[in-house]
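Please build the complete structure, drawing on both the sequences and the hints.
What follows is each chain in one-letter form.
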Amino acid sequence: MKPGETVHLRVWRGTRTGGEFKGYDVTATDGMVVLDALRAAQATQAPDLAIRWNCKAGKCGSCSAEVNGHPRLTCMTRLEEIHDEGPVTVAPMKTFPVIKDLVTDVSWNYEKAKEIPPFTPGPKPPDGKRRMYQEDVERIQEFRKCIECFLCQNVCHVIRDHPDNKPAFSGPRFLIHLANLSMHPWDTVDRTEFVKRQAGIGFCNITKCCTEVCPESIRITDNAIIPLKERVVSRDYDPILWLWRKVTGRAK
Amino acid sequence: MAAREPIDTHEYDVVVIGAGGAGLRAAIEASAQGARTALICKSLLGKAHTVMAEGGAAAALGNVWPEDNWQVHFRDTMRGGKLINNWKMAEIFAKEAPDRVLELEEWGAVFDRTRDGLISQRDFGGHRYARLAHVGDRTGLEIIRTLQYKLISMPVDVFMECTVTRLFTEGGRIAGAFGYRRDTGAFLVFGAKAIVLATGGLGKTWKHTSMSWESTGDGVALALDAGADLIDVEMVQFHPTGMIWPPGARGILVTEGVRGDGGVLRNAKGERFMFNYVPEFFKKETADTEAEGDRWYTDKTNRRPPELLPRDEVTRAIYAEVKAGRGSPHGGVFLDIATRRSAEYIRKRLPSMYHQFMELAGVDITKAPMEVYPTCHYSMGGVRVDAETEETTVPGLFAAGELAAGLHGANRLGGNSLTDILVFGRRAGLFAAQHAKTVPGTPPASAAAIDEAAAELLIPFEAAGGENPYAIQSELQETMQDHVGIYRDEAGMKEGLRRIEALKPRAQHVKVEGPREYNPGWHATRDLYSMLTVAEVVTRAAIERTETRGGHSRTDHPKAQPAWEGTNLVVRKRNGEITLDHVPIPAMPAELSALLEVK
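Residue numbers (our numbering), protein chains in the order written: chain A, 1 to 252; chain B, 1 to 599.
Because the hints were derived from the structure by calculation, they are not lab data.
Hints may contain errors.
What the hints assert, rightly or not - Covered by chain B, according to a simulated footprint, are these stretches of chain A (three or more residues, beta-carbon under 8 Å):
| no. | segment |
| --- | --- |
| 1 | 27–35 |
| 2 | 50–56 |
| 3 | 165–176 |
Given the structure is predicted, the values throughout are model-derived calculations rather than measurements.
Backbone N, C-alpha and C define an ideal beta-carbon position, used for all residues, glycine too.
Below, the structure is given as structure tokens:
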């Protein structure tokens, strides 16, 4: 895509009750990203085109959409990468209800976040100085790179194809948050039961779609979900604990 | 207007407007004090501009250099601010910063560690010691996410994607706020015993800025219209290093951490030109050879390399170097870390910068230099507050974070903003909650005031005009960039003011198409009102301050003037007119002024 060339956009316009793709032509500039093209259309042709964006630097995770069918941050998708594919088609994330045009209602994610028992550190050591070591926090720092763009939630087929699973499943975003809490050296809460029941980790069958779309390249499945699954399994299927539960009727 | 539409009305002890670091910290504190608290976010929760902060949070923890303490941090902050800071705020800030950073760890933040398992600290411009708690170059994300998850564990009502357009006062004190929900376009009224404004910055009023969509200076307009004082609004920081190419990425921030971690600035000839731009004020503490500057990173008995002078100095130097014809191909200068540090070190310390340049510019910063130029980044000026309580000149109205003024004086040091929002966000929430306890009941806003606020918002739907709000915004941004930019002069600024005045009547005739539901064109008309207010007050104050100091650089008054050293410039709006007053800064107590000397 060279500066001055025409970019053909096909943008989904509509509301909860329905909509359609509409065409807008804008002029390409050097290094233009999809969000630039959308904003150019908004400024000159479609002033009420609803787009959600903040930082335009890949840091806030607001401008998620489906570009030519792929879940992407529109601010980090250069037209050069996709110009061989013909017109640039931009649709809202499919998994969340549309509010208007490219803006979806992502409140489900905020409800899921609220359910999770918060970080709870133990008491401070006698010298008052808490310590943790870099090698012990490398892994959770990877999870903490999450920008909450919700692309992993959008692409996860557990809810994308089966919206009725939403009440019983947290989605990849919150499984990495739970992994972050469970691997934090100072945290004291056992969330294994939560991971199994409320977060519904059993729904995940490790297709790794979430990992593929993560703009922060977090290895969601390998580094967060699989270790959490192992914790649930080792607790539930530990033969000694199983016998203990059978005999006493207690959860632990 | 036809019959009045039903309006969703809420009552709280404390309403916090703005959900970046300062607003979140204020809401957490107000709620912890037992106040019924609401938090209003212009965007979704967790997306505010704080998320873009990169380098770190400055606090004299002394983890890397035990010699560091609050006195040195106080000194660096005051000298970086060219001495017009509110010294009481600088003192409180330097003393409380370590506790506020450590508190984040109690809430789950995971900063990079020292070998001893403590919070690691990084070098930054203007700081005597490595002082910035950080997580790679995504520290803002770590801080906003930590505060966000702390907040949602508390009984605070969060209103996302709501914009406040007016504050209500009754009998001279704050009474509430009016706004609307973006998704439905429906109006909202808040009755409040105290309000904390934490709306952040105003950089979107310029064309090339590192700031996000939200940073349109809404709080400046809200506070001014409610009768509050502003101070030193001419002090706008142009961060030395923004991306300059490609055009769509122009202005995006390149963290000062690049220089803190060893990167240097070079001109087209490959020279480290900063050695030619060390001002007298900083000579004693700045290295005069490359060898000494390079030793400083590991041995603080050496003096700091000039690339790590405070931001205003580096920005002026880059401007001069490009003007002299020694710029890079796209009109900036080179920021080189590739020849100075290993690829592994760069990727570990600066992962976001690595990705940003790779993905947006196709440049591998471990192999090639970055092209950079100053970008509008921060407002040192803003709403005038009491140093201890953050109360504005309107009783019951508090302000914190970038919107509030005083701490940074004429120039902010890198790293001081992330700690500013914690220290003064907490204080604003604390004192707002205390204030609310002294107010017996929330006086309801008058029906007339509500009707007026509602009618005002609907005008653009019925306007006979036909002006496009995006086009006027864009003209305003060009005007500020051209006339009230890095360097200013009287003739240019007067031309800028003339253009701003010409845009004001046009803004009265903006036309909005489409429905009220999630209509960005409609929202743009509100942003435009804030931005025009910002443009006018900044330009008027900048014309008034006839000197060069910190973020305010003038070609027609190129030196700092002693007469201005003791002066804050106060902006007020009275009967619709902007007024300017010179207010002397109170004398500093001897025990603080003694700290300012360079040893």
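Which of the listed hints are not met by the structure? 3
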